[in-house]
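Protein chains in written order, with the working numbering: chain A, 55 to 263; chain B, 55 to 263.
Since the hints were derived computationally from the structure, they do not count as laboratory data. Treat the hints loosely; a few may be bogus.
Intra- or inter-copy, both count: the list cannot distinguish identical chains.
[Unchecked claim] The list that follows gives simulated cross-link-like pairs (lysine-lysine, PhoX-like), each with its CA atoms no further than 25 Å apart: (1) Lys99 to Lys152; (2) Lys152 to Lys121; (3) Lys229 to Lys104; (4) Lys79 to Lys104; (5) Lys195 to Lys229.
2 protein chains.
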Amino acid sequence: MLGQYRENYFMYPKLIENLLEQLSKLPGVGRRSAERMVFWLLGQKTQDVKALADAIVQSREGLCFCKLCHNLAEAEICLICASPSRDHKIICVVESPKDLLAIERTGSFRGIYYVLLGNISPADGRGPEDLHIPKLMSRIKQEAIEEVVIATDPDTEGEMTALYIGKELKPTGVKVSRIGLGIPVGSAVEYVDMSTLAMSLNSRRQVDF
Amino acid sequence: MLGQYRENYFMYPKLIENLLEQLSKLPGVGRRSAERMVFWLLGQKTQDVKALADAIVQSREGLCFCKLCHNLAEAEICLICASPSRDHKIICVVESPKDLLAIERTGSFRGIYYVLLGNISPADGRGPEDLHIPKLMSRIKQEAIEEVVIATDPDTEGEMTALYIGKELKPTGVKVSRIGLGIPVGSAVEYVDMSTLAMSLNSRRQVDF
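Only chain A is shown next, with the shape it has when bound in the complex (with noise of 0.2 Å):
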């Protein structure tokens, strides 16, 4: 008896079905997760609701990377570049902002970061173009740099953009490290604890590509 009445079948109203369609692009929400989400903002008072559809278009608005190291920013330069009390000397490259952030978290570290924003992934069609590297090097080249800390993920993608950093930055003759013993190989820097990030950041050890 399956469908017997299905041509006048109810479905949610437009406004339901688009607010599931566009809260069901959010990564890790399916349309189970949004039905959730929808029915319990139909419960909240429409000031709460709005403040957080506010946030959302705010955080997009407001917020860029910084023009000198691509962390995330609410003005042009980050507030770590535009630091007095960091050691602009030391540079961290890391592949995300996230990344950025577990680092800070420890507390062992005080020099600057180079969020190179992404990784290199042949795979992918990923290639050392699209992540800002010669930036960094003719950055390495003018400034005072005296370290650079390759602080990518161990996995392949990590492994191949730390080779291929320390391969172009050979010739400049600056100190290169990759972040060290500690981290799971094939694990990611974010999900680090905090002690093993600290202990990989202090033990980091000077590489000859």
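We have chain A already, so just place chain B on it with the hints.
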């Protein structure tokens, strides 16, 4: 060496922290999923992000509960209550609009609905007065209702609600039925597969509370 530079430590910009806090309020979303969403949102076009924010606000502002049956509606009366092609003599009582949708998807019911927006749950302090049951009673007395199909969840609260409604309806002499065999006890109407739900609708039995 953990935390030796902790005083200067960089955190997410306030716009991100605000958005993380807002997103973490959503059901099923923790700090980690919120971070994934934020970085995904930062990578989207501004117009797409606005479309999401607009969908959230519009659905909250543009939707209400039907004056007659408490189903989701974009106008005072929902599409089902307003439809002349439905059988207005048979009312199906459900706990939530999600249950209504689940029944509609089977295409096996051509009557109208009455959405309780909850169930009787003494443990949570919800009694019959919170469920618009008096309104249902007066409709049944005033309108030419022939049958009330009780489709509350077959769990403790749902059964209690069904029992209460059945007892209340007994003096009116209206035919009362409970959706039938096929739904596993302890589960929820919302999650049952369509065929089982269709079978349970077709095998509904008149009950004598």
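Results for each hint:
In this homomeric assembly, Lys99 and Lys152 come within 25 Å of each other (Cα to Cα) only across copies, at 20 Å, whereas the closest approach inside a single copy is 32 Å. For the identical chains of this complex, Lys152 and Lys121 are intra-copy neighbours only, at 18 Å inside a copy versus 48 Å across copies, given an alpha-carbon limit of 25 Å. Proximity of Lys229 and Lys104 under a CA criterion of 25 Å is satisfied in neither setting, with 50 Å inside one chain copy and 45 Å between copies. In this assembly of identical chains, the alpha carbons of Lys79 and Lys104 lie at most 25 Å apart whether taken from the same copy (20 Å) or from different copies (13 Å).
In this assembly of identical chains, the alpha carbons of Lys195 and Lys229 lie at most 25 Å apart only when taken from the same copy (13 Å versus 87 Å across copies).
In summary, the one numbered hint that this structure violates is 3.
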